[in-house]
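A.B. asks: Sequence:
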Amino acid sequence: MAFPSLLFHFLLLLLLTTTLPSLTTAFPPKINTTAYPASDIITRDICIIGGGSTGTYSAIRLSDSGQSVVIVETKDRLGGHCETYTDPSTNETVDYGVVSFHNIDIVKNYFARFEIPLTIALDATPGQVIKYVDFRTGESVAGYAPANATAALAGYAAQLEKYAYVEAGFDLPYPVPADLLLPFGDFVTKYGLEDAAEFLFGFQQGLGHLLEQFTLYVFKNFGLGLMQALKTGFLTTTRWDNSEIYEKALAELGPNVLLQSHVIATNRSGDGVKVLVQTPSGSKLILAKKLLVTIPPKLSNLHGFDLSPNETSLFAQFLNSAYYTALLRRTGIPPHISLTNTGANTSYHIPPLPALYSIRPTRVPGLYNIKFGSAFALSDAQVQALIVESVLRLDTAGTLNTTTPEFAAYADHTPFELTVSKEAIEGGFYRDLYALQGQRHTWYTGAAFHTQDSSLLWEFTEGLIPSILA
24 MAFPSLLFHF LLLLLLTTTL PSLTTAFPPK INTTAYPASD IITRDICIIG
74 GGSTGTYSAI RLSDSGQSVV IVETKDRLGG HCETYTDPST NETVDYGVVS
124 FHNIDIVKNY FARFEIPLTI ALDATPGQVI KYVDFRTGES VAGYAPANAT
174 AALAGYAAQL EKYAYVEAGF DLPYPVPADL LLPFGDFVTK YGLEDAAEFL
224 FGFQQGLGHL LEQFTLYVFK NFGLGLMQAL KTGFLTTTRW DNSEIYEKAL
274 AELGPNVLLQ SHVIATNRSG DGVKVLVQTP SGSKLILAKK LLVTIPPKLS
324 NLHGFDLSPN ETSLFAQFLN SAYYTALLRR TGIPPHISLT NTGANTSYHI
374 PPLPALYSIR PTRVPGLYNI KFGSAFALSD AQVQALIVES VLRLDTAGTL
424 NTTTPEFAAY ADHTPFELTV SKEAIEGGFY RDLYALQGQR HTWYTGAAFH
474 TQDSSLLWEF TEGLIPSILA
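In our numbering, each number is its position in the sequence shown, counted from 1, plus 23.
Keep in mind the hints are simulated off the structure, nothing from the lab.
Possibly wrong hints are sitting among the right ones.
[As the list claims (entries may be wrong)] Computed spacing ranges between beta-carbons, pair by pair: (1) D209 <-> K312: 25 to 33 Å; (2) T113 <-> H285: 46 to 54 Å; (3) D202 <-> Q251: 16 to 24 Å; (4) I153 <-> G305: 49 to 57 Å.
[Said to hold, decoys possible] DSSO-like mimics (lysine-lysine), calculated; alpha carbons at most 27 Å apart, straight line: (5) K213 <-> K394; (6) K98 <-> K307; (7) K321 <-> K53; (8) K254 <-> K321; (9) K254 <-> K445; (10) K53 <-> K98; (11) K271 <-> K98; (12) K271 <-> K185; (13) K445 <-> K98; (14) K154 <-> K394; (15) K271 <-> K131; (16) K185 <-> K213.
Quantities reported herein were computed from a predicted structural model and do not represent experimental measurements.
Where is the CB? At the ideal position from N, CA and C, for every residue including glycine.
Build out the structure end to end from the sequences listed, making use of the hints.
C.D. replies: What follows is the structure, given as structure tokens:
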């Protein structure tokens, strides 16, 4: 339902003033600095919240610039969406989160800093045969062949050129161009891009319902940089272990990384910032000059933060899609078969979500890479059940002789794509979001401020570093 602008803001204000104290951090715990012995106080120039792609990159670059840093990370490792599995029987590694990077200088320089060699990433295993299957039924889609997207992609690139500024962030003109706010399905029809729709869906995994998504977010996720990468090829590590850079970063940062830790409270009202953190060894008080937040700024992620009314109002507007990855073994699927979810009798053969995007063989025989998307969050149990049902449906339909699979690895990447309403975009949401940079000694980076792409996020963060150092 689309609200008129004034009514929308009235209802949002009513929601914030009546429900937020119980949902977020309107009244975080106070920090009594005298209650902590010197051994539990960490003094740094910059405290970084989140040790994912941007958090780790920021820590290394700021440290290289002479700043003392500390990272607060909830997981037991650095790397965020970058997931790597080591097969116990072969000792081979398989990336099942972030699988490739752009072939650009910032990527090559970052990996070279840690002496990690790169190679062109290959999209398929040798001899792979692709089957196009509707996972709702488990049946092959009769008579289907992928559209030749070459001409339509050229037309798509021509449209991207009109809005080249979205490649660097959300620094939008106002009024926001109407085409950027069209549902992408309408944009496709308007500009005759039908033959590219299914191809783009395959690349825009995790974006939710592609044809319903605003064109702005589609452009952000598949922009000029990706068009260039299609020509130059993507990069991956020569050792097929994209997590290696995070392992080496962790070894270098050492005690400056607090793993399995979370924020209890923050205070950003003085000359610097105070961050109270719960760690496996007890609570620690971080005293820093500046704070860099790299986690998705959803209110549910910001318990304990002393959010201002403006921050609360902005972050409360974020919606998100959901994305999940897994590795399966003992599926019964032949090692050379790759399966792509293809909608029978759907627009552009795009399958409805929630559903698997694909089942792909990996470099480890019998181990299959799974990608699963939804427009809304599901429990891990729900996702895993749907994956198993989809595999078994292939057998029921007589397409392949499958068996109940075993999960070798599984990861939930939710919240994934953070979006806001059309009314919010038109009303200057991203102008106001970017205006938060530097306020109350706090800076922000991460996908909500740019896009779900490590390579492009490192570029965005690189552009932010001078203002942090100023």
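A.B. asks: Against this structure, judge whether each hint is valid.
C.D. replies: Verification of the supplied hints:
Taken as a hint, the range 25 to 33 Å is violated for the pair D209 and K312, whose Cβ atoms sit roughly 48 Å apart. Here the CB-CB span from T113 to H285 is close to 36 Å, at odds with the stated 46 to 54 Å. Here the CB-CB span from D202 to Q251 is close to 22 Å, well matched to the stated 16 to 24 Å. Separation of I153 from G305 is about 53 Å and conforms to the stated range, judged on CB atoms against 49 to 57 Å.
A hinted pair counts as satisfied when its Cα atoms are at most 27 Å apart, and K213 with K394 does not qualify at roughly 30 Å. With a CA separation close to 17 Å, the supplied pair K98 and K307 stays within the 27 Å bound. Between K321 and K53, the direct Cα distance comes to roughly 22 Å. Compliance with the 27 Å bound is thereby established for this hinted pair. A threshold of 27 Å between alpha carbons decides the hint, and for K254 with K321 the separation of about 36 Å lies outside it, so the pair is violated.
Taken as a hint, the K254 and K445 pair is broken in the structure, with Cα atoms around 33 Å apart against an allowance of 27 Å. Taking the CA atoms of K53 and K98, the gap is near 25 Å; set against the 27 Å cutoff, the hint holds. Between K271 and K98, the direct Cα distance comes to roughly 16 Å. Compliance with the 27 Å bound is thereby established for this hinted pair. Taken as a hint, the K271 and K185 pair is broken in the structure, with Cα atoms around 40 Å apart against an allowance of 27 Å.
A C-alpha spacing of about 34 Å is found between K445 and K98, which places the hinted pair above 27 Å, so the restraint is violated. Between K154 and K394 the CA atoms are separated by roughly 16 Å; this keeps the pair inside 27 Å, and the hint holds. The hinted pair formed by K271 and K131 meets the criterion: a straight-line CA distance of about 16 Å does not exceed 27 Å. At most 27 Å may separate the alpha-carbon atoms for a hinted pair to count; K185 and K213 meet this at roughly 15 Å.
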